[in-house]
Amino acid sequence: MDTTDQTTHDGVTLACEQVVRRFGGLKALKGIDLGIRQGEIFGLVGPNGSGKTTLVNAVTGFYPPQEGRIVFEGAAINHLKPYQVASRGIARTFQNVALFKGMSVLDNILLGRHIFMRPSALASLFYWWWAQKEEVAHRRQVEEIIDLLQLESVRDEPVDVIPLGMQKRVELARALAAEPRFLILDEPMAGMNQEEKEYMVRFILDAQEALNLTILLIEHHMDVVTAICDRVAVLNNGEKIAEGTARDAIKDPAVVAAYIGKSNDAA
Amino acid sequence: MFYRLSGVHHTRYETARRLWPVPTDRWQVWILLALAVAAPLYMSDLYLSSYMLPWLVWSAAALSLTLLMGIAGQLHFGFAAVMAIGAYSSIHIVRAGWPFEIALIGAGLTAAFIGCLFGAAALRVKGLYLVMATLAMQYLVDWVIINVPAISGGAQATLQTPDVTFLFVPMQSDAALYYGALLWAVIVTLLVLNIKRTSFGRALVAVRDKDYAASIIGVNSFKYKLLAFFTSSFLGGVSGAVLAFCYYQAVTPEQFGFNVSIQLVAMVLVGGLGSVIGAYLGAGFVLLAPIFLTNVVAYAAIQGWLSVSTNLLAHIPLMAYGALIIGFLLFEPLGLAKIYDNIRKYFLVWPFRHSRS
Amino acid sequence: MAYFLELLINGALTGLMYSLTALGIVLIYKSAGVPNLAQGAMVMIGAYAIWMLASMAGLPLYLAIALAAAAMFGFGLLAERLLLRKMVGQPIIMIVMLTLGLEIFLRGLGPGLLGASPKSLDLGIPLTPVIVGDVFINRDYLVGGIVAMILVGLSLLFFRTRLGTKLRAVSDDHVSSWSVGISVERAVGISWGLAGISAVAAGALWGSVQGVDWTLSTLLFPAVAVVILGGLDSIIGVLVAGLIVGILGSVIPGYVDPIVGGGTRDVVTSLIILFTIMIRPHGIFGREDIERV
Ligand SMILES: Nc1ncnc2c1ncn2[C@@H]1O[C@H](COP(=O)(O)OP(=O)(O)OP(=O)(O)O)[C@@H](O)[C@H]1O
Ligand SMILES: [Mg+2]
Numbered sequence: 012m013d014t015t016d017q018t019t020h021d022g023v024t025l026a027c028e029q030v031v032r033r034f035g036g037l038k039a040l041k042g043i044d045l046g047i048r049q050g051e052i053f054g055l056v057g058p059n060g061s062g063k064t065t066l067v068n069a070v071t072g073f074y075p076p077q078e079g080r081i082v083f084e085g086a087a088i089n090h091l092k093p094y095q096v097a098s099r100g101i102a103r104t105f106q107n108v109a110l111f112k113g114m115s116v117l118d119n120i121l122l123g124r125h126i127f128m129r130p131s132a133l134a135s136l137f138y139w140w141w142a143q144k145e146e147v148a149h150r151r152q153v154e155e156i157i158d159l160l161q162l163e164s165v166r167d168e169p170v171d172v173i174p175l176g177m178q179k180r181v182e183l184a185r186a187l188a189a190e191p192r193f194l195i196l197d198e199p200m201a202g203m204n205q206e207e208k209e210y211m212v213r214f215i216l217d218a219q220e221a222l223n224l225t226i227l228l229i230e231h232h233m234d235v236v237t238a239i240c241d242r243v244a245v246l247n248n249g250e251k252i253a254e255g256t257a258r259d260a261i262k263d264p265a266v267v268a269a270y271i272g273k274s275n276d277a278a
Numbered sequence: 003m004f005y006r007l008s009g010v011h012h013t014r015y016e017t018a019r020r021l022w023p024v025p026t027d028r029w030q031v032w033i034l035l036a037l038a039v040a041a042p043l044y045m046s047d048l049y050l051s052s053y054m055l056p057w058l059v060w061s062a063a064a065l066s067l068t069l070l071m072g073i074a075g076q077l078h079f080g081f082a083a084v085m086a087i088g089a090y091s092s093i094h095i096v097r098a099g100w101p102f103e104i105a106l107i108g109a110g111l112t113a114a115f116i117g118c119l120f121g122a123a124a125l126r127v128k129g130l131y132l133v134m135a136t137l138a139m140q141y142l143v144d145w146v147i148i149n150v151p152a153i154s155g156g157a158q159a160t161l162q163t164p165d166v167t168f169l170f171v172p173m174q175s176d177a178a179l180y181y182g183a184l185l186w187a188v189i190v191t192l193l194v195l196n197i198k199r200t201s202f203g204r205a206l207v208a209v210r211d212k213d214y215a216a217s218i219i220g221v222n223s224f225k226y227k228l229l230a231f232f233t234s235s236f237l238g239g240v241s242g243a244v245l246a247f248c249y250y251q252a253v254t255p256e257q258f259g260f261n262v263s264i265q266l267v268a269m270v271l272v273g274g275l276g277s278v279i280g281a282y283l284g285a286g287f288v289l290l291a292p293i294f295l296t297n298v299v300a301y302a303a304i305q306g307w308l309s310v311s312t313n314l315l316a317h318i319p320l321m322a323y324g325a326l327i328i329g330f331l332l333f334e335p336l337g338l339a340k341i342y343d344n345i346r347k348y349f350l351v352w353p354f355r356h357s358r359s
Numbered sequence: 322m323a324y325f326l327e328l329l330i331n332g333a334l335t336g337l338m339y340s341l342t343a344l345g346i347v348l349i350y351k352s353a354g355v356p357n358l359a360q361g362a363m364v365m366i367g368a369y370a371i372w373m374l375a376s377m378a379g380l381p382l383y384l385a386i387a388l389a390a391a392a393m394f395g396f397g398l399l400a401e402r403l404l405l406r407k408m409v410g411q412p413i414i415m416i417v418m419l420t421l422g423l424e425i426f427l428r429g430l431g432p433g434l435l436g437a438s439p440k441s442l443d444l445g446i447p448l449t450p451v452i453v454g455d456v457f458i459n460r461d462y463l464v465g466g467i468v469a470m471i472l473v474g475l476s477l478l479f480f481r482t483r484l485g486t487k488l489r490a491v492s493d494d495h496v497s498s499w500s501v502g503i504s505v506e507r508a509v510g511i512s513w514g515l516a517g518i519s520a521v522a523a524g525a526l527w528g529s530v531q532g533v534d535w536t537l538s539t540l541l542f543p544a545v546a547v548v549i550l551g552g553l554d555s556i557i558g559v560l561v562a563g564l565i566v567g568i569l570g571s572v573i574p575g576y577v578d579p580i581v582g583g584g585t586r587d588v589v590t591s592l593i594i595l596f597t598i599m600i601r602p603h604g605i606f607g608r609e610d611i612e613r614v
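Chains as they are written, first to last, in this note's numbering: chain U, 12 to 278; chain H, 3 to 359; chain G, 322 to 614.
If you are wondering where the hints come from, they were derived from the structure by calculation, not from laboratory data.
Possibly wrong hints are sitting among the right ones.
[Claimed, not checked] Restricting the straight-line Cα-Cα distance to at most 16 angstroms, the calculated cross-link-like pairs of lysine to aspartate or glutamate (EDC-like) are: (1) Lys407(G) - Asp213(H); (2) Lys225(H) - Asp213(H); (3) Lys128(H) - Glu609(G); (4) Lys212(H) - Glu145(U); (5) Lys144(U) - Asp213(H); (6) Lys112(U) - Glu16(H); (7) Lys112(U) - Glu334(H); (8) Lys92(U) - Asp213(H); (9) Lys198(H) - Glu145(U).
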């Protein structure tokens with residue numbers, strides 16, 4: 012493990028250094044540098060196809076970067092598999108809800124506790140003497156999260172029958188169940204109405220406070236971003252074109268050009 | 003008013019997670035178990051040892067397979083070979099002088115290790131390749147058993163099971179053999195039911211449904227696929243051993259051929275993938291339906307209603323069995339378990355027509 | 322040396338005849354993405370059909386084969402229409418099991434209706450082997466090998482015709498071929514029909530070699546090895562892999578069988594399947610993405 016990185020000194024918990032990711036001929040990330048500080052909510056914005064999800068996939072091990080490094084809490088994690096990244100204390104939600112269909116809401120959230128559990132066939136065989144204790148203990152933890160995100164009413168429903176806004180909340184609950192220190196939310200408010208959005212913002216802030224989280228938030232709703240993000244970075248075409256407080260970043264001429272001039276560039 | 007749901011409230015997490023939260027279901031299970039335990043009292047030896055006993059063991063085998071195919075979503079077309087490994091190794095372990103209890107565990111472990119080897123070869127690619135790899139396993143295991151006299155028992159290729167005792171009970175009388183099979187069926191049933199409600203089962207289902215989502219919450223999908231293979235092959239191996247000692251008592255390679263593998267898959271599918279009660283229903287159906295059909299046709303022939311050659315009669319089981327598989331896949335892909343569930347739901351709200359589940 | 326050559330040549334020819342069975346599987350997989358495990362049983366039914374028309378109805382052999390081919394084309398169309406089309410979108414296990422159910426049903430039906438004892442199918446190929454130098458070559462195999470090559474060649478040509486291009490488009494992407502107006506269902510149906518015709522060719526040749534009975538359906542196993550090794554979606558792969566499976570399955574048993582007491586051919590076939598899956602799951606000529614989870 013190399014812990015030589017000095018970025019940790021200024022409170023940076025997750026750092027991307029010159030991260031490059033190609034898909035065939037397409038360069039989706041062209042050397043991204045990013046430093047996210049302990050305890051902040053960091054916004055990642057940019058037009059469609061600018062590489063936001065790809066960056067998150069690089070961090071979580073789905074598309075390991077071909078060049079560059081990703082350092083979390085002082086250790087490089089860019090060679091880790093997704094399941095190993097999870098045990099380092101990083102959790103995420105997906106842009107398209109990725110819940111386990113057919114399982115109940117409760118079971119989905121319980122799965123979030125996987126890294127703390129010791130699943131085995133033997134423990135299951137001797138359920139009453141062995142697995143039950145573990146199940147009940149983790150059930151208690153999960154109930155706290157269910158309380159926090161107000162999911163009591165759907166606890167026993169299969170996830171595929173509840174509304175989309177609810178599903179996004181369940182996915183957040185599943186991520187929180189893993190007690191992460193770093194949470195990545197990929198468009199948690201996509202497709203929501205104003206009221207649902209406000210709820211979601213509330214839940215994100217509550218969760219951050221309750222669990223002392225650092226959050227990386229991808230979001231298209233600029234009102235939300237300006238309201239809750241401490242800092243933002245703007246991606247365009249796989250490059251970071253601005254970084255700073257939300258208000259400053261939005262005014263940046265490069266950002267304005269990227270959003271407005273997009274149709275011109277595409278031609 | 004068969005099922006009384008009103009008044010059923012759970013105040014503890016333990017009871018909310020019990021196997022049968024509805025009291026009526028619980029009563030049915032106890033009654034069925036009591037009937038099964040008392041079976042030697044009211045059933046003739048013939049029925050006990052040629053219907054009840056094999057049904058229980060095949061159900062246990064189907065349960066082992068449904069754990070792999072239904073819950074973990076991994077296909078296996080060579081499960082009879084897994085059972086064969088269990089059957090033969092248990093006999094040889096007993097012959098080597100070890101107690102039967104050890105032999106059963108040894109049978110499970112041998113089957114699990116060999117089964118995992120074949121599974122590991124194909125677990126990283128599409129399910130179809132797993133079908134092919136397990137098919138190859140079936141042929142290889144068959145060949146090794148047939149061609150190594152030390153395993154198959156020499157020239158006549160039948161291997162007698164030695165007399166054994168299980169937990170100090172000599173396994174000779176029909177009743178003792180039956181209770182052995184019943185005990186194993188109960189153990190496997192409880193295991194699979196408990197797996198379904200604990201973290202192990204959840205992880206398996208997660209990997210089956212969405213492996214990328216499973217991985218981000220920390221589930222190593224390769225490891226869990228392999229664990230599913232191990233567990234299921236272990237159970238299959240012991241089921242093979244129980245089948246050999248309690249039912250066949252003289253094993254030959256043909257008892258565990260490719261057709262038997264397909265039969266097992268059919269039990270699981272006809273019963274309903276991943277369903278525990280489905281494994282019992284499926285095993286019963288696949289074992290009995292061809293016999294039943296043959297008898298019906300034979301009876302009709304004797305009555306002169308239709309004329310069938312003995313040759314056709316001999317092939318009816320095969321046709322019935324193919325048609326059954328096709329029919330279930332087309333018309334009730336969720337299998338007998340779903341049919342049972344519909345009936346149960348009907349009575350759940352009886353005398354009304356609708357309710358919330 | 323002569324022994325080796327004999328094993329080699331007869332193995333190669335047998336392998337080409339495996340290709341005949343495998344061809345049907347690839348035709349269907351290429352257009353529909355369905356691994357047809359009933360192909361072996363379809364070969365058996367094809368052979369029974371020829372035998373019925375030739376020996377029972379007394380038709381001249383080549384007319385019988387032509388009629389059987391037409392009938393099996395219809396059978397393929399029907400099987401697709403009545404069974405497989407209903408399963409579109411279902412998980413692969415369901416589809417695989419459906420073809421296996423069909424396999425089992427046919428295995429009962431043929432021998433059940435026509436009697437289990439093997440029927441001889443005489444294609445008029447003399448029994449005396451062709452002798453080249455001091456190598457004996459089975460004439461049946463020779464004819465079979467040639468027919469196999471012709472059919473594989475025709476299939477390759479076929480995929481260049483308009484209908485064939487359609488099929489290729491279907492296999493590339495169902496949804497987009499729908500959107501450009503190619504009738505996916507018809508194309509898939511036709512590929513099943515063609516698989517039926519190739520089953521008749523395989524049935525005629527294998528029936529004349531080993532008699533017509535249920536054992537013809539066991540050709541499925543070497544055929545599976547051929548399609549895995551060659552690549553599930555590759556026609557040329559069928560030919561090359563057929564040769565490899567045939568040769569290995571003849572040469573190795575030729576030397577090893579006397580030592581271990583027989584049956585090594587299945588072992589060789591199994592090992593070919595396993596090693597292919599471990600080393601190169603998409604086979605020699607298959608597209609890489611067919612294996613991805
Ligand atoms: N698996 C993949 N294979 C090939 N190209 C990909 C893959 N994933 C992403 N890309 C490409 O990388 C680029 C960036 O995509 P990405 O999903 O990261 O954008 P995004 O910023 O998340 O957009 P959106 O706001 O629409 O979610 C796009 O051009 C996309 O087509
Ligand atoms: Mg995105």
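Status of the hints after comparison with the structure:
The straight-line distance between the Cα atoms of Lys407(G) and Asp213(H) is roughly 27 angstroms, outside the 16 angstroms bound, and the hint therefore fails. Using a Cα cut-off of 16 angstroms, the hinted pair Lys225(H) and Asp213(H) holds, with the two alpha carbons roughly 12 angstroms apart. Restraint check for Lys128(H) and Glu609(G): satisfied, since their Cα atoms lie roughly 12 angstroms apart, inside the 16 angstroms limit. Straight-line distance between C-alpha atoms of Lys212(H) and Glu145(U) comes to about 25 angstroms, which puts the hinted pair past the 16 angstroms bound.
Only pairs whose Cα atoms come within 16 angstroms are accepted, and Lys144(U) paired with Asp213(H) is rejected, the gap being roughly 27 angstroms. For the proposed pair Lys112(U) and Glu16(H), the alpha carbon gap of about 24 angstroms is over 16 angstroms, so the pair is violated. Restraint check for Lys112(U) and Glu334(H): not satisfied, since their Cα atoms lie roughly 20 angstroms apart, outside the 16 angstroms limit. Distance check on the hinted pair: Lys92(U) and Asp213(H) sit about 13 angstroms apart at the alpha-carbon level, within 16 angstroms; holds.
Note on Lys198(H) and Glu145(U): the hinted pairing holds, with a Cα-Cα distance of about 15 angstroms set against a maximum of 16 angstroms.
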